[in-house]
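K.L.:
So the chains spell out like this:
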Amino acid sequence: MPENKAAMSRVVLPEPDRAIIARRDSIVAELRRLLGGEAVIADEVGRRTYETDALTAYRRLPLAVVLPGTTEEVAGVLRYCQQGGIKVVARGAGTSLSGGALPAEDAVVIGVSRMNRVLAIDYVNRVARVEVGITNLAISEAVKSAGFFYAPDPSSQLACTLAGNIGMNSGGAHCLKYGVTTNNVLGLKMVLIDGTIIELGGSHLDAPGYDLMGLAIGSEGQFGIVTEATVRILRAAEGARPMLLGFDSSEAAGQCVSAIIGSGIIPVAIEFMDRPAIRVCEAFAKAGYPDVEALLIVEVEGSNAEMTALLDTIGELAKPFQPRQIRVSQSAEQSAAIWKGRKAAFGAIGRISDYYCMDGTIPLGKLGEVLVEIARIGDKHGLRVANIFHAGDGNLHPLILYDANDAQQADKAEQAGAEMLELCVAVGGCLTGEHGVGIEKRDLMRVQFDASDLAQQMRIKTVFDPDWLLNPAKVFPLEGRTEAVKSTSLAAA
Amino acid sequence: MLSDVRPVDEREVSRILTEAWERKVPLELKGAGSKHNIGRPMTTSFSLSTRALRGITLYEPNEMVMAARAGTPLAQLETSLAERGQMLAFEPSNLASVAGGEANAATIGAVFATNLSGARRIMVGAARDHLLGVRAVNGRGELFKAGGRVMKNVTGVDLCRGLSGSWGTLAALSEVTFKVLPIPEHTETLVLLGLPDEIAIEVLCTAMGTPYEISAAVHLQAPLVARLEHEGLRGQKGAVTALRLENFKRSVVYRKAKLKALLKAYGEIHDLDHDNSLALWQELRALSPLQGSEAPLWRISTTPSTGPKVVAAIARYMELSAFYDWAGGLIWLELPPTTDAGAADIRRVIATHGGHATLIRAAAEVRAAVDVFQPLEPGVEALSRRLKTAFDPAGILNPGRMYADL
Chain A
86 MPENKAAMSR VVLPEPDRAI IARRDSIVAE LRRLLGGEAV IADEVGRRTY
136 ETDALTAYRR LPLAVVLPGT TEEVAGVLRY CQQGGIKVVA RGAGTSLSGG
186 ALPAEDAVVI GVSRMNRVLA IDYVNRVARV EVGITNLAIS EAVKSAGFFY
236 APDPSSQLAC TLAGNIGMNS GGAHCLKYGV TTNNVLGLKM VLIDGTIIEL
286 GGSHLDAPGY DLMGLAIGSE GQFGIVTEAT VRILRAAEGA RPMLLGFDSS
336 EAAGQCVSAI IGSGIIPVAI EFMDRPAIRV CEAFAKAGYP DVEALLIVEV
386 EGSNAEMTAL LDTIGELAKP FQPRQIRVSQ SAEQSAAIWK GRKAAFGAIG
436 RISDYYCMDG TIPLGKLGEV LVEIARIGDK HGLRVANIFH AGDGNLHPLI
486 LYDANDAQQA DKAEQAGAEM LELCVAVGGC LTGEHGVGIE KRDLMRVQFD
536 ASDLAQQMRI KTVFDPDWLL NPAKVFPLEG RTEAVKSTSL AAA
Chain B
564 MLSDVRPVDE REVSRILTEA WERKVPLELK GAGSKHNIGR PMTTSFSLST
614 RALRGITLYE PNEMVMAARA GTPLAQLETS LAERGQMLAF EPSNLASVAG
664 GEANAATIGA VFATNLSGAR RIMVGAARDH LLGVRAVNGR GELFKAGGRV
714 MKNVTGVDLC RGLSGSWGTL AALSEVTFKV LPIPEHTETL VLLGLPDEIA
764 IEVLCTAMGT PYEISAAVHL QAPLVARLEH EGLRGQKGAV TALRLENFKR
814 SVVYRKAKLK ALLKAYGEIH DLDHDNSLAL WQELRALSPL QGSEAPLWRI
864 STTPSTGPKV VAAIARYMEL SAFYDWAGGL IWLELPPTTD AGAADIRRVI
914 ATHGGHATLI RAAAEVRAAV DVFQPLEPGV EALSRRLKTA FDPAGILNPG
964 RMYADL
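As you go down the protein sequences, you meet chains A and B in turn.
Remember, the numbering used here sits 85 above the position in the first sequence when you count from 1.
Remember, the numbering used here sits 563 above the position in the second sequence when you count from 1.
It is worth saying that the hints were derived from the structure and are not from the lab.
Hints may contain errors.
Straight line, CA to CA, 20 Å or less: simulated SDA-like cross-link-like pairs of lysine to any residue [unchecked claim]:
#1 B:Lys872 <-> A:Asp207
#2 A:Lys229 <-> A:Ala322
#3 A:Lys229 <-> B:Pro774
#4 A:Lys451 <-> B:Tyr622
#5 B:Lys821 <-> A:Glu323
#6 B:Lys708 <-> A:Met530
#7 A:Lys229 <-> B:Thr769
#8 A:Lys428 <-> A:Glu367
#9 B:Lys708 <-> A:Arg531
#10 A:Lys262 <-> B:Glu748
#11 B:Lys800 <-> B:Glu846
#12 B:Lys821 <-> A:Ala394
#13 A:Lys425 <-> A:Glu386
#14 B:Lys800 <-> B:Pro759
#15 B:Lys708 <-> A:Ala511
#16 A:Lys571 <-> B:Gly958
#17 B:Lys821 <-> A:Val209
#18 B:Lys819 <-> A:Ala322
#19 B:Lys823 <-> A:Lys425
When you get a sec, could you build the whole thing from the sequences and use the hints?
P.N.:
What follows is the structure in structure tokens.
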């Protein structure tokens with residue numbers, strides 16, 4: 086599971102509200118009254134556990150942590166916090182790479198981890214109702230015996246919660262075929278900051294009125310706290326089989342991906358690794374990867390005969406790009422071997438160096454030039470970069486290697502990362518494909534959006550959270566917020 | 564006749580809407596206007612059509628992405644896609660044709676503004692799942708953009724989804740960027756005849772629970788089968804239940820055999836070959852069995868296995884004909900004309916069974932008198948009102964089209 090660690094400092098966090106901190110004892114007492122003592126963590130050691138997420142470079146000790154067990158308890162806490170002007174940070178498993186779950190000294194953390202039950206499974210209608218503290222993988226595990234699965238599969242799926250997936254609209258390696266979180270959620274129970282409990286959608290395929298659920302998914306805990314969800318479950322394919330293709334250049338690999346998609350084949354996954362990534366993964370996992378400039382893992386699904394035919398076709402399509410190696414899996418063991426290096430990538434790179442994992446998206450056709458430019462940015466800062474790319478959907482993860490104990494290097498890594506994301510935007514892509522904005526990319530939002538784009542987004546934030554108490558200091562640049570709030574409230578008055 | 568302005572670029576859209584906002588002048592926002600008769604009747608001072616905002620601005624077949632100005636005719640754009648073997652996978656249905664609108668006039672902006680999704684929605688998602696980016700002008704005349712041109716994008720609030728299905732009440736779309744998919748090499752259809760609704764939906768749901776990637780699952784009651792033009796099915800006396808398979812030919816052939824074995828207990832299973840299949844699904848996409856009538860038409864969305872129960876409950880009060888799509892989860896219901904188009908009974912049944920209903924076709928006076936869109940729960944309604952205000956504080960864009968005073 087990836088983790089972004091370093092002593093980084095580029096992101097400015099606002100000064101906490103001393104008046105709130107001064108009220109800490111009475112706030113804790115009231116939270117205990119609402120939830121019972123067990124569900125409130127107020128001691129410093131207990132709160133330390135929640136001081137950061139997977140962007141461990143940033144840490145803040147929360148005012149208090151509560152672990153409610155029901156939607157009504159969440160509503161009670163939110164109502165109290167709104168009345169007291171107390172900020173709230175929602176938290177799933179704390180695996181955010183963008184600082185999405187970073188607490189604040191003047192904010193109460195509401196963790197949903199205790200709310201992790203499967204409430205109902207309906208195979209006839211292919212939906213499951215769950216509490217959102219459930220881990221992503223546990224949903225698939227719950228329906229596996231009937232041959233079903235829940236499609237979005239972020240790499241942290243063993244640990245991350247559906248709550249966080251909904252907050253960030255998480256993707257995964259297989260979203261080329263199956264979509265991301267927003268495409269796989271049909272209903273939500275959400276608590277608004279004033280304690281109102283609303284139901285959005287249901288177990289049908291569309292919802293009446295405005296798509297409030299579509300707005301809430303990916304809102305990074307800024308619109309409300311989701312407690313339950315109805316998700317689509319899908320019948321798994323009869324089988325899945327990968328092939329590995331090695332190329333002499335990233336351009337050739339990129340063109341091969343274009344040729345596959347242009348032929349009408351939509352593989353379930355197309356993963357790309359560049360030479361630095363291949364070498365590190367091979368040294369660690371001994372997956373038998375060729376020492377080439379670029380490697381593709383292409384996976385297809387279906388019956389044995391269907392998969393054989395599809396992989397043969399893909400092999401033919403690859404020929405004009407002169408692959409140095411084509412290896413089609415012939416068995417479950419060979420499939421595992423092909424995936425072994427890729428799946429171990431974050432761990433392998435983490436073993437040789439600290440790294441900073443970026444998450445831009447680019448148009449596939451720009452892959453060659455973007456990789457050249459990323460290498461140049463790395464060189465400029467004296468940093469090595471390995472690239473992992475969900476090629477089918479353009480989601481690029483440059484991993485910037487650096488020494489977290491060297492403050493100067495950490496600073497350079499952060500600077501290089503920002504330049505790489507600006508590059509993604511410049512070629513027609515975006516700042517984040519699946520990790521979310523959080524605090525990490527908050528100040529880069531102006532690179533992708535101009536003032537009127539951001540104003541419209543902030544007005545919608547105000548619709549859901551008029552006092553901006555939910556997940557403060559995230560997503561939107563700190564300057565310019567007041568204006569957006571004012572323009573909305575004035576108009577509503 | 565109200566004046567119809569047709570701005571030629573988004574700056575002009577912005578200028579017109581700025582002026583309307585300053586003067587608080589209500590207007591009808593539309594593409595070609597072919598769905599004008601859907602929704603609550605509006606009182607506006609003029610209409611703004613995006614028809615003159617035309618043209619495909621980006622098409623990268625190998626990245627499966629296209630962008631077009633909002634007024635580009637859907638038909639033109641689908642022709643361009645087909646030339647490269649691609650399509651809008653969500654298969655927008657021809658809603659205008661059942662509501663007295665001009666057939667084949669729909670613009671791509673309106674397709675997304677109404678979240679118009681057809682039979683393939685069960686496999687590939689709705690229109691909103693394919694919308695990657697927008698350029699739009701809000702009710703203050705401010706131009707803004709959201710999303711982008713890449714498949715995976717979680718940067719900021721997902722305004723693309725927020726605007727999908729908002730029926731022009733939040734903003735005027737000026738340009739849309741969307742995902743496209745390859746046209747499948749081969750299509751075949753399995754047909755079962757004469758099944759009662761309950762059993763038919765059981766067949767559809769069973770098929771949906773297999774790994775064979777059913778791309779459409781429908782059931783038409785007998786009176787609607789009689790209105791089909793399809794040569795093979797027109798003469799059938801009873802109901803028609805149909806499952807579509809689309810893929811490379813070898814996969815379709817293999818999966819068809821598997822499905823036939825699985826479903827054989829439900830009766831004889833007939834095949835429609837590639838060409839006959841295309842003809843049937845083309846006709847259903849056009850909603851042709853529902854055309855040519857002025858009888859009230861409802862669109863009901865519910866949990867698939869609940870579909871037949873909803874229809875049976877409503878059938879206790881009135882004669883009806885039902886066309887089930889989405890494996891039973893979407894029901895097109897044609898009813899005899901009454902003063903409220905059946906609204907009271909339908910709303911009561913929906914309240915018991917779950918789901919929501921939209922009155923698609925009825926006389927203007929009926930649409931003015933009853934809730935056309937599903938009434939919202941108080942918490943959701945309050946949020947919806949604030950959302951409207953966040954885009955259109957003066958309430959000048961398609962006022963009252965979805966809900967009174969909204």
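K.L.:
For each hint, tell me whether it holds in the structure or not.
P.N.:
Evaluation of the provided hints:
no.	hint	verdict
1	B:Lys872 <-> A:Asp207	holds (17 Å)
2	A:Lys229 <-> A:Ala322	holds (12 Å)
3	A:Lys229 <-> B:Pro774	holds (13 Å)
4	A:Lys451 <-> B:Tyr622	holds (15 Å)
5	B:Lys821 <-> A:Glu323	holds (12 Å)
6	B:Lys708 <-> A:Met530	holds (13 Å)
7	A:Lys229 <-> B:Thr769	holds (17 Å)
8	A:Lys428 <-> A:Glu367	holds (11 Å)
9	B:Lys708 <-> A:Arg531	holds (13 Å)
10	A:Lys262 <-> B:Glu748	holds (17 Å)
11	B:Lys800 <-> B:Glu846	holds (18 Å)
12	B:Lys821 <-> A:Ala394	holds (18 Å)
13	A:Lys425 <-> A:Glu386	holds (18 Å)
14	B:Lys800 <-> B:Pro759	holds (13 Å)
15	B:Lys708 <-> A:Ala511	holds (16 Å)
16	A:Lys571 <-> B:Gly958	holds (18 Å)
17	B:Lys821 <-> A:Val209	holds (19 Å)
18	B:Lys819 <-> A:Ala322	holds (15 Å)
19	B:Lys823 <-> A:Lys425	violated (38 Å)
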